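Chemist: Okay, here's what each chain looks like letter by letter:
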Amino acid sequence: MSDTASTAKQPAEAWITGIGLASSLAEGLDAHWQALAERRINVDDKSFAPCVVHPLAPISFDQQIAKKGDQRQMEAWQRIGTYAAGLALDSAGLKGNKDVLSRMDMIVAAGGGERDLAVDAAVLNDQAKGNAGPAAINERLMNDLRPTLFLAQLSNLLAGNIAIVHGVTGSSRTFMGEEAAGVDAVRIALARIAAGQSDVALVGAAQNGERKDQLLLYEFGDYNLKDSYAPVWQRAPKGGFALGSGGAFLVIESRAHAEARGAKPFARLSKVVADLSHRKAPGDITATLDRLWTSLGAPKSNTAIITGATGAEPATAEERAFLQSHPGMPVRATGTMFGHIMETQFPLGIALAALSLSRGALFPANDPTGFETETTEQPNQIVVIGAGHWRGEGMALVEAIN
Amino acid sequence: MTATRDKFGRPIVAVTGMGVITSLGAGLAENWSKLTAGQSGLSTITRFPTDGLKTTVAGTVDFVAVDPFTSTDLGERLADLATEEAISQSGIGSKGDFPGPLFLAVAPVETEWTAREQLAKAVGGDAEIDYDALLRVGGGGRFAHFHRRFLFGSVADHLAETFGTKGSPISLSTACASGASAIQLGVEAIRRGETDAALCVATDGSVNAEALIRFSLLSALSTQNDPPQAASKPFAKNRDGFVMAEGAGALVLENLDAAKARGAKILGVIVGCGELADSFHRTRSSPDGKPIIGCVRNALADAGLAPEQIDYINAHGTGTPENDKMEYLGISTVFGDRTPSIPVSSNKSMVGHTLSAAGAVEAIFSLLTLEHQRIPPTINYDVPDPAIPFDVVPNKARDARVTAVMSNSFGFGGQNASLILTREPLSH
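Those protein sequence lines, which keep their order, are chains A and B. Note that the working numbering gives residue 388 to position 150 of the first sequence, counting from 1, and the numbers run on in steps of one. Note that the working numbering gives residue 249 to position 247 of the second sequence, counting from 1, and the numbers run on in steps of one.
Bound conformation, chain B alone (with noise of 0.2 Å):
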C-alpha cells in the first residue's frame, strides 16, 4: 500500500477522538448542543469570595468538585476526563496504554495558597510569618505531597502514568495560544514519522481569587457582571474585556493510514499549522497587525491553501477591545474583500476565555462545526462595532456548508497560532 502523504509529501494528520469539558458541561454532546443554541456558560463566582473585586462572573467548572481546591487539582480532573473521552472515542490502543507521546497545554503551576495557608498554621503561636518562618516548617516530609503537586510537570506526569503515553510528555506554555501549540506538536511529530499517533491535551482550571486579580490588574477583564451570561461581548461595540473561564479539550491525532488501517472513523484532518511571534509588546499586539497577518498567512501555506478556500473563521475573539480590533486588521487583511462574507464566529461569547485550553477546545468545536455543519454562533451581540464588520454569525448559530475552519489563537507574550481543520484530507 502506498502511504497517503498531503500535497508537500507529508504523513496526513487526522482526529480520530476527541473530549471536552466546559462551563457548558461535560463532553461532546452537551457542549454542541448548548453551544449551538447559543447558551452561556457564565456564572456569577460562587467559589471564593469576591467582595472587593471589579470582576465577578467567571465560566468556572463547578460541577466537577475538587476538594481541596487547587487550580493545579482541578486542571489535572478536567484533563483526566477530557482524555478519557476522546481515547474512548477514538478506540485507540488498549486502557492504560496509548501508542503515542503526549503533549500537553497547562497553566503555569506555582504554589498555591492552600499550601501556604497550611503552612502557615504550622508555623502556629504568635511568631510573625514569613516565607523563613514557612521554610522551617515546611521540610521533613510533612508536606511532601506539595512538592509532587506543584512541580510544573506534574500535571503530564499524571496523565501520561494514567493514560500510558510514551516517552517523555510535553509540557507547554504558550499563554492563550497553549491548546493550538500542543496540537501543533503533534501534528509536528506525524509528520516527522516519529509516532504514528499523539494525545493532544490542554486543560485549565485557573479561576482562583489571585489569577483573576492578576488578570483584573492588567484590566484584561469584563467588568460588565450582570448578568453574567451577557458579560463576554466578542466583536461588540460595547465590550469590555474577557471572562476567565475552565475547561479542557483532548485530541487523539493519527497518521491517516495508520488511523483506517485499524478501521477508526476519522473525524477530520489537521491540514495546517502556522506560529509566528510577536516583538512589540508583553500585552498588545504590534499595531501593524503583522505578526498575526504572517502567523494566518504561515497557516495557509503549511495547509497549501489559498485565502478563499476558508469557509468559516473559529476566532481568538475574546472580547477585549484590543484583541478584537487586531484580528480583524489581521483577518481582512489577509482575506481582503472577502473578509464581510466569511463566517467569523467566537465561542467565547459562551465558554468564556479558557485560557491555556482555549486552542484545543476551540479546535473541538471546529471539528464539531466541520461534522455537523453548522456554525455556533457570537452570542450576545446587540451593539455592533462598525469598526469591525465581520459577519459574526450573531446570537443564532447557522447550518452553512463548510470544508475548511481555521481557528485562531493569540496570547500575552506575543504569542500567535493558527490551526486550518478540514472534514476530508485535501485533495491534490
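Next comes chain A alone, as it looks inside the complex (with noise of 0.2 Å):
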C-alpha cells in the first residue's frame, strides 16, 4: 500500500484552494453545482452507436486559451485539460500570478496518443486490399501525418501546454496508467506538500471521451456501455462504462502558504492512499478496497462517499460489496452524470468532494436502483474513492474546515 504519511516530522495540513471544471454537464463550479442539484445527465448514444458516450458541454476555450495558434497546437484533450487548469488557477486567485507559478508544482495524469484515424484507415485499406508494399506504411506516414499531432499524442504535452498557457514552471510531471495515474497524481502532490517538499501545486487531468481510437482500446475488452445509457448502479451483471470527455484541476497548498496569502479553502486532503491489487481472485478488489479503509482513518459522523466506480465488472460489484460492508454513509457515483473520465475520475471525486463540503450539503442522489440515497446532513468529511477498471485502487479523504 501507498501512504502519504510522512514519519520525518508533523506533516504540514494541505488544503484544496482552487478547482477548475470542465465536462459534459458544464464548465465552472456554479453551473457543476446546479447541473447536478438537478440531476441532468449528458450522453449522445448516436454518434458512436452503439457505443453511449457524455460529450463535453459547449465550451469557449478562448476564455482561458487565449492564442488560437496554441489552440490549433493542441487535441481536445489538451485542450480541454489546459481549459479546466485555467479555471483552477482562477479559482485560486492564483492566474497570472508569477512568483507562485513559477514554483508551483505541477503533477499531470495523461492518457494521450490520439490518432488520425482517416491516415490509419488509408494504410489499412492499402493493405487490405493488397496494393501495398511493406514499405508503403511508410509513405503514407510520411506523407500524411501531420508533423505537429505528435505533440498532440506525447503524454506530458498537457503539462507542457498548461506551462505554455498559464506559466506554470515550478515543475512538471506527467504521470500515465489509466485510474490509478489520477489517484497517484494527488498521492504524491500530497505527500510532497505534507512533507514540505512543495507549497503548492497543481494536480489534474483531463479525456476527450468521443474518440473512436480509444474507444477500441476498451472495446478490446468489452468495456463499452453500449446501445442505451444506464446508471452506474444498473449496469450489472454485463457492466461497462460510456467514457466521458471533461477534465478536472485541483490546487493544493499548505495551509501556511495559503494563509499567508489569504487564500479561501474549499476542504483539507487529509490523506490519500492508494495500492495495486492484482486481482486474481472473486473478492480481492473488496479486500484492498478494506485496508485502504482502514489506513485511512476511521470515518467520524457524517462522511459521504463519492466514488469514481466505473461500471465495469467484476470491479463495480467488488466495490458495491465493501461499500455494503460499511452502511450508513451515503453514496454518490460521478460515473452516472460525468461517464468514465478515466485518469481524471479521481480529481473530479476530489473537486466535487471539496465543492460539496464547501457548500455545506451533498449533492443530491442519482440512482433509479436506490443504492445511492439523499441526505439533508451537512457531510464533515467526504471519502473519494477511485477503483480502476481494470488495476489500481485508491482513496482519499476530504474533510470540511469550519
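In case anyone wonders, no lab produced these hints; they're calculated from the structure. There could be a bad hint or two in this list.
Label-pair restraints from in silico Cβ distances [to be verified]:
{"id": "1", "chain 1": "A", "residue 1": "472", "chain 2": "B", "residue 2": "128", "range": "37 to 47 Å"}
{"id": "2", "chain 1": "B", "residue 1": "324", "chain 2": "A", "residue 2": "606", "range": "54 to 64 Å"}
{"id": "3", "chain 1": "B", "residue 1": "342", "chain 2": "A", "residue 2": "498", "range": "18 to 28 Å"}
{"id": "4", "chain 1": "B", "residue 1": "163", "chain 2": "A", "residue 2": "498", "range": "36 to 46 Å"}
Subject to a maximum C-alpha distance of 25 Å in a straight line, what follows is the list of computed DSS-like cross-link-like pairs (lysine-lysine) [said to hold, decoys possible]:
{"id": "5", "chain 1": "A", "residue 1": "336", "chain 2": "B", "residue 2": "239"}
{"id": "6", "chain 1": "A", "residue 1": "336", "chain 2": "A", "residue 2": "502"}
{"id": "7", "chain 1": "A", "residue 1": "305", "chain 2": "B", "residue 2": "292"}
{"id": "8", "chain 1": "B", "residue 1": "56", "chain 2": "B", "residue 2": "398"}
{"id": "9", "chain 1": "B", "residue 1": "36", "chain 2": "B", "residue 2": "398"}
{"id": "10", "chain 1": "A", "residue 1": "306", "chain 2": "A", "residue 2": "333"}
{"id": "11", "chain 1": "A", "residue 1": "502", "chain 2": "A", "residue 2": "284"}
{"id": "12", "chain 1": "B", "residue 1": "327", "chain 2": "B", "residue 2": "292"}
{"id": "13", "chain 1": "B", "residue 1": "9", "chain 2": "B", "residue 2": "327"}
{"id": "14", "chain 1": "A", "residue 1": "476", "chain 2": "A", "residue 2": "464"}
{"id": "15", "chain 1": "A", "residue 1": "450", "chain 2": "A", "residue 2": "367"}
{"id": "16", "chain 1": "B", "residue 1": "97", "chain 2": "A", "residue 2": "518"}
{"id": "17", "chain 1": "A", "residue 1": "367", "chain 2": "B", "residue 2": "123"}
{"id": "18", "chain 1": "A", "residue 1": "450", "chain 2": "B", "residue 2": "123"}
{"id": "19", "chain 1": "B", "residue 1": "123", "chain 2": "A", "residue 2": "464"}
{"id": "20", "chain 1": "B", "residue 1": "239", "chain 2": "B", "residue 2": "292"}
{"id": "21", "chain 1": "A", "residue 1": "464", "chain 2": "A", "residue 2": "284"}
{"id": "22", "chain 1": "B", "residue 1": "97", "chain 2": "B", "residue 2": "239"}
{"id": "23", "chain 1": "A", "residue 1": "305", "chain 2": "A", "residue 2": "284"}
{"id": "24", "chain 1": "B", "residue 1": "9", "chain 2": "B", "residue 2": "398"}
{"id": "25", "chain 1": "B", "residue 1": "292", "chain 2": "A", "residue 2": "333"}
Note that the structure is predicted; figures quoted are calculated from it, not measured. Ideal Cβ placement from N, Cα and C applies to all residues, glycine included.
Two chains, two separate frames, one set of hints: put the complex together.
Modeler: Shown next, in the form of C-alpha cells:
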C-alpha cells in the first residue's frame, strides 16, 4: 500500500484552494453545482453508436486559452485540460501570479496518443487491397501525418501546454496508467506538500472520450456501455462504462502558504492512499478497499462517499460489496453523471467532495436503484474512492474546514 | 544508532543496485567496457523497411527477441532484464518481493500497428476499413489481450507483479527527462521517510516506423546515415540531429542507513535533484536559457553543493543543433570561467538517445564513471563547434579524479531535470 504519511516530522496541513471543472455537464463550479442539483445527464448514444459517450458541454476555449495558435497546437484532450487548469488557477486566485506559478508543482495524470483516424484507415485499406508493399506505410505516414500531431499525442504535452499557456513552471510531471494515475498524481502532490518538499501544486487530468481509437482500446476488453445509457449501479451483471469528456484540476497548497496569501480553502485534503491488487481471485478488490479504508482512518460522523466506480465488472460489484459492508454513509457515483473520464475520475471526485464540503451539502442522489440515498445532513468529511476498471485502487479523505 | 542525514536533515539516498541494457549490449560490464572503448551501438535499421525514410539509423536492441514485435513488449522485456540485474546486484529483498515502491519511466503506450493489422484482417472481405469496422470486430474477447497490453499502466503492472514491489506503481513521462524523473521520485519518497527502498526503472523500445517518422517530421533526427556509427555527433559542428535508440536502466535506491544495516555495498549516492519547466515552446528551449540554468541551479541547491564542486558533467548532449547550443548556454552560465575545464561528455554519441530511458541509463553510466574514475568519451567529435567550447572528452576515454557528477536531461514539453551523484555521502 502507498501512503502519504511522513515519519519525518509533523506533516504540513494541505488545503484545496482551487478547483477547475469542464465536463459533459458544464464548465465552472456554479454551473456544475446546478447540473448536479438538477440530476442532469448528458449522453450521446448516436454519434459513436452502439457505444454511448458523454460529450463535452459547449465550451469557449478562448476564455482560458487566449491564443488561437495555442489551441491549434493541441488536440481536444489537451484543450480540455488546459482549459480546466486555467479555471483552477482562477479559482485559487493565482492566475497570472508569476511569483507563485514559477515555483508551483504540476502533476498531470494523462493518457494521450490521439490518432489521425483517416491516415490509419488509408494504411489499412492499402494493405487489405494487397496493393501495398511492406514499405507503403512509410510513404503514407511521411506524407499524411501532420508533423505537430506527435505533440498532441505525447502524454506529457498536456503539462507542457499548461506551462506554455498558464506559466506553471515549478515542476512538470506526468503520470500515466489510467485511473490509478489520477490517484497517484494527487497522492504524490499531497505527500510533497505534507513533507515540506513543496508549498503549492496544480494537479489534475483530462480526457476526450469522443474518440473512436480510445473506444477501440476498451472495446478489446468489452468495457464499452452499448446501445442505451444506464446509471452506474444499474449496469450489472454485464457492466461497462460510457467514456466521458472532461477535465478536473485542483490547486492544493499548504495551509501556511494559503493563509499567507489570504486564500480561502474549499476543504482540507487530509490523506490519499493507493494500492495495486493483482485481482487474481474474487474478493481481492473488496479486500484491498477494506485495507485502504482502514489506513485512511476511522470515519467520524457525517461521512459521505463519492466514488469513481466505473460500472465495469467485476470491479464495481466488488466495490459495491465493500460499500455494503460500511453502511450508513450516502454514496454518489460520478460515473452516472459524468461518464468515465479515466485518469480524471479521481481528481473529479476530490473536486466534487471539496465543492460539497464548501457548500455544506452533498449533491442529490442520481440512482433509480436506490443504492444511493438522499441526505439532508451536512457532511463533515467525504471519502473519495477510485477503483480502476482493470487495475488500481485508491482513496482520499477530504474534510470540511470550519 | 543515530540516523545519518544530509546537511538538510534528510535521509541519505544510496544506490545499491544497477542494471542496464542498450544497443551496446546487456549488463553493466559489457556496456562499460564498450562505452569506455568508444564503441558505437548504432546500426542501420533492419527491423522494418526503411524505404522512403530520411533516417535509417538507430540504436536498436536487436539481440533481445520479442515476437510479434511491439514497442511496448520490447520496452517491458528490456525493463525486466535491467531490473533483474539491479536487484541481483543489490541483494535486496527476496525473489519476487522487493520491499518498496516502483517508479517507472516508460514511453507513452498506444495501440500499435500489429493490433490494427490483425483487426483489419478480421474485418475481411472487400469491406472498407475504417474505425467503425475495427470497432465492430474488436470486442467479444478475441482481442482482449490487446486491452491488457496497450493500457498505459501495463508495463508497470507487469513489473510490479514480477518483482513484487509495494503499493501503487507510478508510470511517468517527462519525455526525454523521464529516466531522471523516475529517480527523483524515488529519492523524494526515501527522503520523506515513506520507504527505505525504491525501485526506479526507465525503459524504451520505441524504434518502430511510426515513431521514427514522428520524430523525423519534427526534423529532430540525424540523417547522416552512413556510416551509422558516426550518425550521432553531440557538440560537433556537423551534428544534425539525434539518433533514436532503445534501452533500459534500473536502480535500487535505499536509505543509506538501511542499506548499511543489511550490509549492502554502496555504489553511489544521489545527493541532489533539480527540475524546472520551460514555458517557451513545445519543442524549443527558451532562448535565454533560464529554465535550464534554473534547473541546474536547483539541483546544486538541493545537493547543497557549489558549482566548483562538480567535476564532471554527463550531458544531455543529444546532437541536435538546438539542444547542444542551449545546454552550453545553461552550463556556461552556471559554471562561468570554469566551464572549459570541466569534462562534459555525451553517452548518446555511442548509445544514441534512449528517450524515456536516457535519464536512468546515463545516471548509471555516471555512477560507473565515479566507480572506475574514468570518463567515457564523446565520439564522432572531429569538427569542433567554436560556439560550444566544452571539453567534450573527445573520442577517447580519460582517467580522471571524479567525486561529483551532474547528469542532465531535457525533453519536449519544456521538461528539464538534473541529478547530482557522488561516490560517497557528502561530509558536512
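Chemist: Against the structure, test the hints numbered earlier, and report the numbers of the ones violated in rising order.
Modeler: 3, 5, 8, 11, 13, 22, 23, 24
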